[in-house]
Amino acid sequence: MSESIAKIGIINISDRASQGIYEDLPGKACLELLKEWLTSPFEPKYAVIPDEQDQIEAKLIEFADKENCSLIVTTGGTGPAARDVTPEATEIVCEKMLPGFGELMRAASLKYVPTAILSRQTAGTRGSSLIVNLPGKPKAIRENLEAVFPAIPYCIDLIGGAYLETNDDVMKAFRPSPSK
Amino acid sequence: MSESIAKIGIINISDRASQGIYEDLPGKACLELLKEWLTSPFEPKYAVIPDEQDQIEAKLIEFADKENCSLIVTTGGTGPAARDVTPEATEIVCEKMLPGFGELMRAASLKYVPTAILSRQTAGTRGSSLIVNLPGKPKAIRENLEAVFPAIPYCIDLIGGAYLETNDDVMKAFRPSPSK
Amino acid sequence: MSESIAKIGIINISDRASQGIYEDLPGKACLELLKEWLTSPFEPKYAVIPDEQDQIEAKLIEFADKENCSLIVTTGGTGPAARDVTPEATEIVCEKMLPGFGELMRAASLKYVPTAILSRQTAGTRGSSLIVNLPGKPKAIRENLEAVFPAIPYCIDLIGGAYLETNDDVMKAFRPSPSK
Chain A
10 MSESIAKIGI INISDRASQG IYEDLPGKAC LELLKEWLTS PFEPKYAVIP DEQDQIEAKL
70 IEFADKENCS LIVTTGGTGP AARDVTPEAT EIVCEKMLPG FGELMRAASL KYVPTAILSR
130 QTAGTRGSSL IVNLPGKPKA IRENLEAVFP AIPYCIDLIG GAYLETNDDV MKAFRPSPSK
Chain B
10 MSESIAKIGI INISDRASQG IYEDLPGKAC LELLKEWLTS PFEPKYAVIP DEQDQIEAKL
70 IEFADKENCS LIVTTGGTGP AARDVTPEAT EIVCEKMLPG FGELMRAASL KYVPTAILSR
130 QTAGTRGSSL IVNLPGKPKA IRENLEAVFP AIPYCIDLIG GAYLETNDDV MKAFRPSPSK
Chain C
10 MSESIAKIGI INISDRASQG IYEDLPGKAC LELLKEWLTS PFEPKYAVIP DEQDQIEAKL
70 IEFADKENCS LIVTTGGTGP AARDVTPEAT EIVCEKMLPG FGELMRAASL KYVPTAILSR
130 QTAGTRGSSL IVNLPGKPKA IRENLEAVFP AIPYCIDLIG GAYLETNDDV MKAFRPSPSK
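Protein chains in written order, with this note's numbering: chain A, 10 to 189; chain B, 10 to 189; chain C, 10 to 189.
In case anyone wonders, no lab produced these hints; they're calculated from the structure. Don't take every hint at face value.
Same chains, same names: a pair is fine if it fits in one copy or spans any two.
EDC-like cross-link-like pairs, simulated, lysine to aspartate or glutamate; straight-line CA separation at most 20 Å [claimed, not checked]:
| # | residue 1 | residue 2 |
| --- | --- | --- |
| 1 | Lys146 | Asp177 |
| 2 | Lys75 | Asp177 |
| 3 | Lys146 | Asp166 |
| 4 | Lys105 | Glu61 |
| 5 | Lys54 | Glu32 |
All chains, please: the whole structure from these sequences, using the hints.
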C-alpha cells in the first residue's frame, strides 16, 4: 500500500522456454499488455522456469513474500497433461482461491476455441499478492487477461497491495463506490 | 419434510453490522425477497455475526442441525480480503458443495460489475439444509438470489427439507417432472 | 496411444437400474451418441452399478487402469441428494480435475432447466483416461456431452490416450495447431 512503485511478477512456466529452446514470447506478451494498460508505474519481476511444481511454488512464494509483488501472472502449464502443474502449485501457495477468474477466462476463451474447457487455470491470493494463471499462447494470454483485468486493481486494493491505475481508453479498471 | 412451516435462516456476516455500526440492511433485503417470492409459510431465523470463521461455522451448524432450517442464506464475507471467510466456513460445515450456484451468481453479477469475479460465494448442503452465500449489498443480493432461486425449492425437496411454494408471477420455481 | 482400437467406458450409476427396476437407458443413450459422432473404431466397456461410492471408485479404476479406457463417461448420481456420490468418487480417483467441463455442462443445461445448477458433475483425468460425469436423463446426456465433446479428442491426445476421430458433419472435434 505504501510502496510508490508496484511490483508485478511474470513467470513463464515452460520446460522448453526454460531450456532456451523457445523464446519467452508469453512473458513478453504479458509485459506488453501491462505497459499498454497501466498508467501507474510498475517494476516487473521476471522468471522463466520449467514445469516443476516445487520450482513454481518456490518462485511464487519468492515473488509474493520477498519481492512483495502485488500481482503475479503465470503463463503455461494449465492443461491436462502430466507435466502441467501450474494450478497445483498455485493452489498450494495461495491462501484464498478465486474461482471466478478461471470461470471467466475459460468462458472468454470458449468464444475462440472449444478446447478452452481443458484449461485448469485459476487465481488466488497470498498475503497482499494476487496470483493469476494465464495460458501459454500470446493470443490467448491477451484474451484471458483482458477479460479479468478490469477486476484486478480493486482486488489488489482489497488485499492491501499497490494502487494500480489504468488507461481507461484501452482498459477500464472498475472500483465500486465505497458505500456498503 | 413433515414440518408444516419451513424455517429459513438468514445470517448477516459483517464485523460492522454485528457491532451495530451498520444497520442490518442485507438481512432485511433477504427477508423482503423471501416474503415477495414465497407463498408457503416460513419462519425466519435471524442472526448478525462478525467475520469470524468459528462463529460463522457455529451459527450455520445451529441453524442447520438444531433449528432444522431448510434454507440458510448468508450475506457478506465472500471477497478476497483477509477478513472474508464466509466461503471457508461454508465449505467446512457442508457435506456436499454445489459449485453451480457460485458460477451462476458470479455470471449474474458480471452483467452489472466486472468485479463479480472477486466473489468466492458458494453453496452446499448439510443434512436437509441448503446453505447459499450471498453478497453484502442489497442490490447485489437481489441480483444473485433471483438467479438461483428457481432451483432452490427443488434442491430442498431432494435433500428432504420443507416444501417451498413460490408466487409464479414474480419467482417461478422449477421442479422437473418425476420421470427418470 | 499405440492401441489400434480405443476403449470407451460407460458406467450407469443408479440404484434402480442396477437392480433391474429401470432399463439402462442412460448407458444406451451414451453409446448411441458415440456411434453417431465417432468415425474411428472403439470398443465400449459397459457397467451398471448402484450409487455406492466405493463401487463407483472401483469401477472407474478398473476401466482406467486395467481396461485402459481413453474415455470413461458416467451417468447419474451428480445431484445434491444423499445417495448422489458420483462426483465424490470421481474426485477421489482422478489425478487432475478439469473444472471447465462441469462449468460448460451446467451452462449448457441452464438453457433448458434452471435446476441445472444442482448438478455437481465434474471431469478429470486418471493416467491416460479422461473421466466425464453426465446426468442421468438421456435428453440431458445429449445436451451435456454435445457441449463438451469437441474438446474431448484433443484432451485424450494430451494425456496419451487413443486417437479419436469424429464425423465433422455431426460433431466437430477441435485440435489446435501444434504451434506453441
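Verification of the hints:
Neither within a single protomer nor between protomers do lysine 146 and aspartate 177 lie at most 20 Å apart by alpha-carbon distance, with minima of 25 Å and 26 Å respectively. Proximity of lysine 75 and aspartate 177 under a CA criterion of 20 Å is satisfied in neither setting, with 31 Å inside one chain copy and 52 Å between copies. In this assembly of identical chains, lysine 146 and aspartate 166 lie within 20 Å of each other by CA distance solely across copies; the values are 19 Å between and 29 Å within a copy. Taking the closest pair of Cα atoms, lysine 105 and glutamate 61 come within 20 Å of each other only across two copies (15 Å); inside a single copy the shortest separation is 22 Å, beyond that limit.
Proximity of lysine 54 and glutamate 32 under a CA criterion of 20 Å is satisfied intra-copy only: 17 Å inside one chain copy versus 45 Å between copies.
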